[in-house]
Amino acid sequence: MSSRIVPGEAAKPPGEGGPPTGQRSSGARSLGAHQIEAQDRVRQGALDRQARKRLEDERVLSGQDDASLLRKLWPFLRPERAWLTVAILASLVTSAISLGRPLIMLWAIDRSIATKDPGLILLGGIAFAAASLVEQGLGFVQTYATQVVGARAMADLRLHVFRFIARLPQSFFDHQPVGRLVTRVTNDVDSIQELFNSGIVSVLGSVLRLVGVVVLMLTLDIKLSLVAFSSLPLIGLVVLWVRKRARDAFRAIRGETARMNSNMNEQVTGLPVVQAFGQETAMYRQFEEINASYRDANVAAIKYEAIQDAAVDAVGAIAMAMIIVALGMHHASFGTVVALSTYLTLFFEPITALAQLYTLVQNALSGAERVFGLLAEPGRDMAPVPGEHVAKGDANFALEFQHVTFGYKPNLPVLHDVSFAAKPGQVVALVGPTGSGKTTVTALLLRLYEIWQGKIFVSGDDVQGLTAADLRARFSVVPQEVLLFPGTLAENVALGQEPDLERVRAVLTQMGVLDLFEKREGGLLARVHTSGANFSVGERQLIAFARALYRDAEILILDEATASVDSDTEARMQKALAVLMAGRTSIVVAHRLSTIRAANVILVLSRGHIVESGTHEELLVQGGLYAALYDLQIARAG
Amino acid sequence: MTEPSASAPPVTLVGQFRRQLPRYLVGIALLAVYQTAQYLFDKRLIVAINAVTGEGLTDALSSGRDLVLIAIVAFGIRIASRVAIFNAGRQAEYEIRNGLLARLQTLGQSFYQTMPPGEIMSRATNDLTQVRLLLGFAVLNAVNTTFGLISAFAVTMSISPTLTLAALAPMPLLVLITRVFGGQIYGRQKANQDALGEMSDLLQTSITGSRVIRSFDLERAQEQRFTRVNQNYLEKSLALSRLRGAIGPVMASLSGVGVIIVFWYGGHMLVTGQITPGGFLTFFRALGRLSWPLMALGFLIGLVQRGRAAYSRLTDILNAQPEVVDGPAPAPAQLRGRLEVRNLHFAYRAENPVLRGVSFVLEPGASVAIVGRTASGKSTLARLLPRLMNTPRGCVFLDGVDICDLPLSVVRGAIGYTQQDAFLFSTTAAHNIGFALDETESAPARETIRGAARRAHVLDELLGLPDALDTVVGERGVQLSGGQKQRVALASGFVLSPKLLVLDDPLSAVDARTEKGILEAIDEERAERGVILVTHRVVAARRCDRILVMEHGEIVESGTHDELCQRGGIYARFAEEQRIEAALQELENWAPPVAPTGAESARGGSMLGGSP
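Note that the protein sequences, when read in sequence, are chains A and L. With this note's numbering, the residue at position 95 of the first sequence is 95, and numbering never jumps. With this note's numbering, the residue at position 407 of the second sequence is 1407, and numbering never jumps.
Please keep in mind that the hints were generated in silico from the structure rather than gathered at the bench. Bear in mind that the values here come from a model prediction, so they are computed numbers and not experimental data. Note that the Cβ used here is the ideal one computed from N, Cα and C, for glycine as well. Treat the hints with caution; some may be incorrect.
[Said to hold, decoys possible] Listed below are the simulated BS3-like cross-link pairs for lysine-lysine, each with C-alpha atoms no more than 27 Å apart in a straight line:
1. A:K423 - A:K392
2. A:K244 - A:K223
3. A:K519 - A:K455
4. A:K409 - L:K1043
5. A:K392 - A:K455
6. L:K1043 - A:K116
7. A:K223 - L:K1043
[Stated by the list, open to error] Covered by chain A, per the in silico footprint, the following chain L stretches (three or more residues, Cβ under 8 Å):
8. 1041-1048
9. 1201-1210
10. 1213-1219
11. 1315-1323
12. 1359-1369
13. 1412-1426
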């Protein structure tokens, strides 16, 4: 969690946190348990929200209004209808019971005073405690049912978003920061879930309770109640006054928090420069100043928080005093006084709960807005193409490019009118300076991107006419940067299939590298650390080769690594490569002379054009770009 | 350098507690008054209720007035007490955070290797928040709980000691249970966070590895993994919910016992006239005041433990020992700028030496190029010269004095260094260039900045920005290209105007034309100061008086460009490679007939546009 706090982002003011020091002058309800718990959650949630708020500035202005967001959420909530109903019913019953409890007190006290029978009051106590228990029990049911609804619905939503992301075109990922997409699935969905965790369903109960308290108080004793309520408008004004200022103060805190986090992050990442220029003191001053405004913004907000915190108690006490005053003019039974005083405390609970919910709803809506904004992305990986656009190629070629033009950004073509073909079993080497479009050619074969013009055929089939599984199953790919997944070595070789250890061993033996991996601790079952940090560059390359051999597809795509490895590993790689390419159509982005020389056709790319093609000998004779590149290789190798 | 530690506020928990003591004392006094007011309210209420439910209706108005007054006073005092104590927490947070930065500024590469920026930020935010809660919120609660107990206890005892004892019987259990719940919740919260972390990691791999996943058609397998971690997260979060939800009912049943006791025993006393109605109602209210602080106690203990754990994570930073500190020698009156490196060995990890006995001398105003392949040790050497890392003693001498004996400010003022991947602060371009200046607003300062920018061949491009030199650049401002950043950094090095300028590969991201201009600027610099140019470019190196070629941490060749070319060693090979590369570039420029497209107009739109 902690690492999710990213600098440079606005954060929700954590406030002074924790439960209020409340002297909840309430009846004998299970005092405060809810409050502690709710406040504790708010405090924990505040930390999470810090991370969440950073995204505020990247909010998609997709014009999705609240109603349409709720409509989009409904399909995920629908399957949990049963739990939702349980939660709503439990919430209503809980509120009803809480409204009934003071009546029990009223009855027991008045009856026992009248009859002088202590047994009655004990009965009242038992009834009261039983009512509390049922209320709390149902309260648990309500909370838990709501959380089940939220957690399940959001798990579904997360899976949905995950699947959606998997269907987005590769080009989408080229421009999206990874962190942002991760946040969509984690923080943003969580901010919706937070709404359920905090018991959105209890809104109905809160409203019922609020109305019930007013009605019951008025029924019990209209005069006393009206006097008690008479202090409310005044308090309402105070609350309004504070609320507006508190909102401004919290907004200021958010700004200052963002400023401080980003400054601190910059101070840390730029420290080498600060040290080299001996600017520690100046930078410290700058930070101190920002840190001080952060502190001052928070300090300014403390008093508003304190007023809100103290107001609830003060209001209860003042209302109690008003009742006393009213009682001076108008007699009521002792039981009525006790009941009214209990109702007074009950009156403020739903108000506080509703106010807290408001912030959570805002957070959840902005989370939903971002999630559904992502889900509105139009592009698809391997989007189906209408049948009439699918052509048929020459099945005698294993792969063929016909006048292919493509670019990653509009108006910036990377490949211009590229045409070539390879027969089954042939090795095609792509050579050319950096940025000439070699790797792009291989990406297009897999249809990771949509070409602008031309046609690409694999064994005579138009790549646009095949399904993802159908097309990509024909290839084994060895990328330049090998990505290892968390899991065992064997799992990484089998990649996606249940690893058959015998086959993994056979593949490694065939490549002549079994000894290299078996001698490691754990052998083939050795764990791969995050991003394969416990394997050397050479070893990772060999694992990638093994993957390709294990997959045993018709066509090999190999993007040779430029990084140099030690000579022993280099020799092993050469041998393994020979095994891998034997009898397989291969298209190689080549850097090694040995690989290039072994090719049947060499295509020389320059700025997206094929400028030369032929065998090594033919091209050397031409004395063009290839000859120059060759000289360079020789010089490097020298 | 950073603030002298003698005058800096303490950063320990105890030290901060002492320092904020005046605020705490004010808060404590206020809380005492507050709880006294609560006590008075309750006492007055007993009388008032007895009066109005009995016969004496006459004092109702005065009773009500007294109660309102007490409530208003209590309201004000309660606010003031919170403000006093929370201010202490905020002030402590502020001072500890300052302390964190001051310490971070003194730490070097060996520390940052063990703690990445993300981790530092997380400690400076999350952990510091926990510490603040400990120093503010927890203190307030501890004091208030104590006073609240006394106040409520005094009320209930005055009504009936026996009833008080009876009602409090289940209370210790209450404290115990909150404590247990608190611990459990913490554990489950952690499990929940871990599950979330696992999910984030999987997402991260899925997205960064989307190419591989697609190429190998692994979408289904990856989706299965995700379904698994997603389910795990769901279960963990529901487990947490169950526990949180259970607190209420458990508490209710416990306090239910207390309620039955009060009703039964208290009711008996009420009916038999042992206590008054006012006493009965007030007892009920006071019991409420009692159970809250007792319950809060359990959470309070958790808060203190979390605060202490968080503080111990802060001490990893606060107690980290700086490796590079000021030397004992006084600052010399005048520096000539003669640099001597004698048999310099260096290793990040003992088994893997990076520099193996490097020696050379640089006379004042001379220039030397350090050439070598990636990982030959040349950048490490460059960083060791101004002691940006822990330079071994007795190896680097400035005017004959070991740099480890000199004050850091002298060493770094004399030996300027610009790093390879230029870093810009999120401030104006002028501030970035004039980073070494005390102020950047005065006319002479502006002139210096403009001059440096001009020499670094970046002035015209900067003047083309929306607010010219006052445009905010860096992370949160206008994004400059890699080459522009390098040139801004170079300009800031020029402004520093050291005796000796160490330039770590200042040309890695600039095009050929700009490269030529910068090399000329560096030539001009050489007239005023010594220059050490770390580079892999032969065109740059050949302009220097002498060239040192590094390989595997050693200087393997040394001499002028012509000498080294004739020798036919590594340098000669570099020269040949780069000659062919240049030729290749020429060939490419000339070879393919690039079809005219919209690309040119897109690229030509802005100097700063994102041309690839």
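Review point. Are the Cα atoms of A:K244 and A:K223 separated by 27 Å or less?
Key: violated, 33 Å
Exercise for review: Compare the distance between the alpha carbons of A:K409 and L:K1043 with 27 Å, and conclude whether the hinted pair is satisfied.
Suggested key: Between A:K409 and L:K1043 the Cα gap is close to 79 Å, so the pair fails against 27 Å, i.e. violated.
Check your understanding: For the segment 1412-1426 of chain L, do at least 3 residues have a Cβ located nearer than 8 Å to some Cβ of chain A?
Key -> holds (count 9)
Review point. L:K1043 and A:K116: Cα distance at most 27 Å?
Key: holds, 26 Å
Check your understanding: Is A:K392 within 27 Å of A:K455, Cα to Cα?
Key -> Holds, at roughly 10 Å.
Check your understanding: Within a Cα-Cα threshold of 27 Å, do A:K223 and L:K1043 meet the stated pairing?
Key -> Measuring from Cα to Cα gives roughly 25 Å; hence the hint holds.
Check your understanding: Are there three or more residues in the segment 1213-1219 of chain L whose C-beta lies within less than 8 Å of some C-beta in chain A?
Key -> holds (count 7)
Check your understanding: Are there at least three residues in the segment 1315-1323 of chain L whose beta carbon sits under 8 Å from a beta carbon of chain A?
Key -> Coverage by chain A is violated here, the residue count being 0 at a Cβ distance below 8 Å.
**Study point:** Holds or violated: A:K423 to A:K392, with C-alpha atoms at most 27 Å apart
**Key:** holds, 16 Å
**Study point:** Claimed coverage, the segment 1201-1210 of chain L by chain A - three or more beta carbons nearer than 8 Å
**Key:** With 9 residues close enough to chain A, the hint holds.
Check your understanding: If you look at each residue in the segment 1359-1369 of chain L, do at least three have a Cβ nearer than 8 Å to any Cβ of chain A?
Key -> violated (count 0)
Exercise for review: Sort out whether A:K455 lies within 27 Å of A:K519, counting only the CA atoms.
Suggested key: violated, 48 Å
When held up to the earlier numbered hints, the structure conflicts with 2, 3, 4, 11, 12 and fits the remainder.
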